[in-house]
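Fit chain U to the given chain Y structure using the hints.
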Amino acid sequence: MARDGGVTWRRTEKIDRFNLSAADTAEELHVLAVDDSLVDRKVIERLLRISSCKVTAVDSGIRALQFLGLDEEKNSNGFNDLKVDLIITDYCMPGMTGYELLKKVKESSVFREIPVVIMSSENVLARIDRCLEEGAEDFIVKPVKLSDVKRIKDYTTREFRVGEEERTRKGINKRKQRDSFDLSSSSPPSILSSSPVSSSSSSPESQSPSPSPPSIPSASSAPSSPSPIDSHSPTRRVKTTSSE
Amino acid sequence: MDVVNQLQRQFLDYSASLHREGFLDDQFTQLQKLQDENSPDFVVEVASLFFEDCEKLINNMARALEQQQGVDFKQVDASVHQLKGSSSSIGAMRVKNVCIAFRSFCEAQNREGCLRCLQQVTQEYSLLKNKLQTLFRLEQQILAAGGSVPTIE
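Protein sequence lines correspond, in order, to chains Y and U. 135 is the number that our numbering gives to position 135 of the first sequence; each next residue is one higher, with no gaps. For our numbering, add 1000 to where a residue sits in the second sequence, where the first one is 1.
Just chain Y, with the same shape it has in the complex (with noise of 0.2 Å):
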């Protein structure tokens, strides 16, 4: 998969839906979907499939940690092999909830790059706080709708494209800061604009810095579209989300 972080190049923004050919699969975001709802699985896999994105859908965290083969901590050529781009989970689910999977894949060294967005039908602020200090890159209030997809899509797509000198300037996870990267300017804070801590100051963190291997897809970087990222922020959504 050609990954080097010299070429960029643009993409439209309008969502494709014509049948991915065999050179398309190279771009093509590979998500994890984690839910244990059947019916949300279903509805989850039809929005990335039509957002151009491969899909596995797996029914828990378990199910989830096997397939990136991280549960039995068998990292045995420490390689994202299976090249998952984004994970997108829901979080109340029997067994592990998708807050604890969050932090099984944060604490792994080979897989914490990847961004992971949370869902879920309740839009409790101190939820969503605790999940984006977690290292969450997003928050979604359930239903789930094409834009939301959309939005993930361009966030995780952009960061796709973006080499790794850019993942550099970012600052938004701090958890990356961990990182031992030179920071040269920090990034606009966005989704994480509620979170009380400061994204573009280094955080004192207790685990320490650790070389992140480079045939992992960057994470997080700071949209360099003049989108209004804010519009997005989960406590926006919360605001307007029509729920009970």
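Errors might be hidden in some of the hints.
Once the Cα atoms are required to be at most 27 Å apart in a straight line, the calculated DSS-like pairs of lysine-lysine come out as [unchecked claim]:
#1 Lys145(Y) with Lys1033(U)
#2 Lys150(Y) with Lys106(Y)
#3 Lys1129(U) with Lys145(Y)
#4 Lys145(Y) with Lys1131(U)
Residues on chain Y that point at chain U, a partial pick, calculated with CB under 7 Å [said to hold, decoys possible]:
#5 Leu38
#6 Val39
#7 Asp40
#8 Lys42
#9 Val43
#10 Arg46
#11 Ile50
#12 Ser52
Derived coverage of chain U by chain Y (criterion: at least 3 residues anywhere in the stretch with Cβ under 8 Å from a Cβ of chain Y; other residues may be distant) [what the hints assert, rightly or not]:
#13 1043-1050
#14 1081-1090
Just so you know, the hints here were simulated from the structure itself, not pulled from any lab data. Where is the CB? At the ideal position from N, CA and C, for every residue including glycine.
Using the frame of chain Y, we list chain U on its own:
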């Protein structure tokens, strides 16, 4: 093409009434937009999964509420929570709304209230199932007559 037009009109009117009466909300429209030539039966498939889910969950709730020695309200609530989730995802608004009330009764450990909600949710699920079957039948008739199903805005 008059037959097709008539059927299309019927479909649009019926669809509008389902929305007006609260059976379906915008999420259902969202799902219809995801249907295309690559996934022509998407909505029917999701609806089928939803109704299977309904039946399973309603049975769970009924069993849990029947327990004479003491109702495990947490268990009932877990099922209601799941049903609320899937009804929300498909746009089954009336079912979802009953679930919301249902959860309050679970929290209050009110068996009578729960039983009433169980009855309501069963009713709403049956109603919706019939109505969607009618809607899907209209779609089939349009396609069989050589027309295309109009998109709802």
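Hints, verified against the model:
no. : hint                      : result
1   : Lys145(Y) with Lys1033(U) : 10 Å, holds
2   : Lys150(Y) with Lys106(Y)  : 24 Å, holds
3   : Lys1129(U) with Lys145(Y) : 23 Å, holds
4   : Lys145(Y) with Lys1131(U) : 24 Å, holds
5   : Leu38                     : 5 Å, holds
6   : Val39                     : 4 Å, holds
7   : Asp40                     : 5 Å, holds
8   : Lys42                     : 5 Å, holds
9   : Val43                     : 5 Å, holds
10  : Arg46                     : 5 Å, holds
11  : Ile50                     : 6 Å, holds
12  : Ser52                     : 11 Å, violated
13  : 1043-1050                 : holds (count 4)
14  : 1081-1090                 : holds (count 8)
Violated hints amount to a single one, hint 12; each of the other numbered hints is respected by the structure.
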